[in-house]
Amino acid sequence: MSTRPLDEVQARTSFARFRVASIVEGIALLILVVIMILRYLVFPDGPGHETWSTVSERWSPIHGLIYMIYVVLGFDLWTKMRWKLPRMLLLMLFGVVPVLSFFGERWTHGQVERDLASRPTLQDEERGEREHPHA
Amino acid sequence: MISARRDQGPALLVPRRAPYDAVMLRVALRPRFLGLLALMIAATLVCGLLATWQWDRAHRAITADPAEKPPVALGEVLAVDEPVTNEDAGRPVTAVGVFEPSEQVLVPGRRIEDRDAVIIVTALHVTSADGTAARLPVARGWMPAEELTGADGALDASRVPAPPPGEVEVAGRLEASEQAQSGIAADGTAAEISTALLVNAWGSPMYSGYVAQTETSDGLEPMPAAESDFSRGLNLQNLGYAAQWIVFGLFFLYLWWRSVRTRFLDEEADRADVLAARLGAAEVHTGGSTPAATAPAAAVPDDVTPGTTDTNDASAPRGAEEDGPR
Numbered sequence: 001m002s003t004r005p006l007d008e009v010q011a012r013t014s015f016a017r018f019r020v021a022s023i024v025e026g027i028a029l030l031i032l033v034v035i036m037i038l039r040y041l042v043f044p045d046g047p048g049h050e051t052w053s054t055v056s057e058r059w060s061p062i063h064g065l066i067y068m069i070y071v072v073l074g075f076d077l078w079t080k081m082r083w084k085l086p087r088m089l090l091l092m093l094f095g096v097v098p099v100l101s102f103f104g105e106r107w108t109h110g111q112v113e114r115d116l117a118s119r120p121t122l123q124d125e126e127r128g129e130r131e132h133p134h135a
Numbered sequence: 136m137i138s139a140r141r142d143q144g145p146a147l148l149v150p151r152r153a154p155y156d157a158v159m160l161r162v163a164l165r166p167r168f169l170g171l172l173a174l175m176i177a178a179t180l181v182c183g184l185l186a187t188w189q190w191d192r193a194h195r196a197i198t199a200d201p202a203e204k205p206p207v208a209l210g211e212v213l214a215v216d217e218p219v220t221n222e223d224a225g226r227p228v229t230a231v232g233v234f235e236p237s238e239q240v241l242v243p244g245r246r247i248e249d250r251d252a253v254i255i256v257t258a259l260h261v262t263s264a265d266g267t268a269a270r271l272p273v274a275r276g277w278m279p280a281e282e283l284t285g286a287d288g289a290l291d292a293s294r295v296p297a298p299p300p301g302e303v304e305v306a307g308r309l310e311a312s313e314q315a316q317s318g319i320a321a322d323g324t325a326a327e328i329s330t331a332l333l334v335n336a337w338g339s340p341m342y343s344g345y346v347a348q349t350e351t352s353d354g355l356e357p358m359p360a361a362e363s364d365f366s367r368g369l370n371l372q373n374l375g376y377a378a379q380w381i382v383f384g385l386f387f388l389y390l391w392w393r394s395v396r397t398r399f400l401d402e403e404a405d406r407a408d409v410l411a412a413r414l415g416a417a418e419v420h421t422g423g424s425t426p427a428a429t430a431p432a433a434a435v436p437d438d439v440t441p442g443t444t445d446t447n448d449a450s451a452p453r454g455a456e457e458d459g460p461r
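Heads up: the sequence lines are chains A and B, in that order. The first sequence: position 83 = 83 (this note's numbering), numbered continuously. Whatever position you read off the second sequence (first residue = 1), add 135 for this note's numbering.
It cannot be assumed that every hint is accurate.
[Unchecked claim] Residues from chain A that keep clear of chain B, each with C-beta distances beyond 12 angstroms, as calculated: (1) Ala16; (2) Val97; (3) Phe102; (4) Arg114.
[Said to hold, decoys possible] Beta-carbon label-pair distances, calculated as ranges: (5) A:Thr13 - B:Arg192: 37 to 47 angstroms; (6) B:Ala320 - A:Thr13: 54 to 64 angstroms; (7) A:Thr54 - B:Glu281: 30 to 40 angstroms; (8) A:Val24 - B:His260: 45 to 55 angstroms; (9) A:Val34 - B:Asp249: 40 to 50 angstroms; (10) A:Trp107 - B:Leu374: 33 to 43 angstroms.
Bear in mind the hints are in silico, worked out from the structure with no lab data behind them. The structure presented is a predicted model; accordingly, all values stated were derived computationally and were not measured. Quick reminder that beta carbons are idealized off the backbone N, C-alpha and C, glycines included.
Please take these sequences and the hints and turn them into a complete structure.
Next comes the structure, spelled out in structure tokens:
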């Protein structure tokens with residue numbers, strides 16, 4: 001991998017935001033799934049169907065917005081970590097499979113810490129400076 | 136000779152190379168990135184298709200006006216236990232039955248033609264072809280609120296014109312039941328035309344929608360066209376979705392571009408590192424004299440882009456400079 005250093009502070013801040021978005025998106029998606037089940041399976045017709053159709057029509061755009069924010073924050077993390085393209089697609093996928101976003105967030109956290117430990121970072125240079133100051 | 140080379144030394148510390156964009160393009164055209172580009176273009180096309188689909192739905196919602204369909208008998212489009220679908224809402228229907236004057240509610244608080252209006256809803260007892268009888272709420276028409284208000288300021292139901300007696304044919308638009316938010320008040324008024332409310336007051340079986348009369352003969356004003364919230368909502372929502380899909384599609388292409396750029400910047404930084412390391416090493420070896428003068432042409436790493444140095448142009452190996460150090 002490249003020697004161009006990462007910025008640990010930026011990366012961790014970005015991950016913190018992404019983690020919040022992951023959890024919010026995970027919950028929003030579960031709500032959407034429940035609404036869909038109610039609309040199509042539990043109340044296929046009748047007055048209940050009308051109710052849940054309306055609820056679903058209100059929630060879908062809200063969830064769409066939440067997912068977009070999730071993708072933007074995921075993109076921000078992806079740029080800070082300088083990962084490859086397929087990983088960005090993976091982050092996007094985490095947000096559309098119910099429940100997966102929670103596991104995805106754990107995995108992503110692992111990747112972030114692993115990369116920050118093994119790849120050169122700006123903070124390495126600072127630490128190096130402190131331990132071995134230029135004479 | 137040496138002094139001439141010394142003069143050219145500093146130029147080598149800031150490597151000149153092929154134009155920035157051309158080098159980015161070289162990275163972009165590598166097989167791996169071309170493959171990823173193909174994938175991203177496919178994703179963008181899918182998003183484009185979805186955007187077109189949504190756009191069509193929005194367009195259709197505006198142009199398909201159910202009110203322009205020819206009138207049909209109620210029984211042909213609605214059964215007693217079915218709700219009025221979004222496609223049927225607003226279409227002209229006819230129904231034959233007998234009004235029941237005692238089953239009537241007033242729906243005040245509406246704004247029609249810029250006046251406070253009260254809608255009169257009366258039950259029409261309809262007998263369908265197979266003999267079953269059901270009630271059909273009919274919004275017979277509306278009256279200005281001041282014509283209905285009695286001396287005491289309250290609505291006076293006795294001022295409402297009576298419905299035509301005997302068997303009549305009602306013509307109007309089929310509408311979906313409104314959502315009930317409160318009940319029927321003691322004075323016989325309700326806030327919504329809701330079959331859920333009416334069925335409690337008048338009895339079942341009852342159709343789950345109502346007919347808004349568009350031609351009346353009993354002294355009431357005909358019902359205005361109800362703008363369906365659904366169709367209005369549909370076209371805005373679909374336009375929104377279409378826009379979202381377009382943004383999404385472009386995003387995939389942007390992702391590809393950022394990958395190319397990251398790779399390019401990484402390789403550039405690595406090339407600079409390698410060059411600096413070798414210049415540093417050469418300096419140590421030659422005790423500070425101009426590194427370029429002493430480093431033989433072959434020692435210029437072939438992972439440095441040609442055009443880096445003037446003097447070494449003729450002899451620096453070309454090609455094979457695509458893959459930077461990993």
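Structure-based check of each hint:
1. Its beta-carbon lying about 22 angstroms from the closest one in chain B, A:Ala16 satisfies the requirement of being farther than 12 angstroms from that chain.
2. For A:Val97, the non-interface assignment is confirmed: its Cβ lies about 17 angstroms from the closest Cβ of chain B, beyond the 12 angstroms cut-off.
3. Listed as outside the interface, A:Phe102 is consistent with that label: its C-beta sits roughly 23 angstroms from the nearest C-beta of chain B, beyond the 12 angstroms cut-off.
4. Every Cβ of chain B is farther than 12 angstroms from the Cβ of A:Arg114; the closest lies at roughly 18 angstroms, confirming the non-interface assignment.
5. At roughly 41 angstroms, the beta carbons of A:Thr13 and B:Arg192 sit within the given window of 37 to 47 angstroms.
6. Under the hint 54 to 64 angstroms, the C-beta atoms of B:Ala320 and A:Thr13, about 58 angstroms apart, fit the expected range.
7. Taking the beta carbon of each, A:Thr54 and B:Glu281 are about 35 angstroms apart, inside 30 to 40 angstroms as hinted.
8. Look at A:Val24 against B:His260: about 54 angstroms separates their beta carbons, and that is inside 45 to 55 angstroms.
9. Taking the beta carbon of each, A:Val34 and B:Asp249 are about 44 angstroms apart, inside 40 to 50 angstroms as hinted.
10. Restraint check, A:Trp107 to B:Leu374: a C-beta distance of roughly 37 angstroms satisfies the suggested window 33 to 43 angstroms.
Of the numbered hints given earlier, the model fails none.
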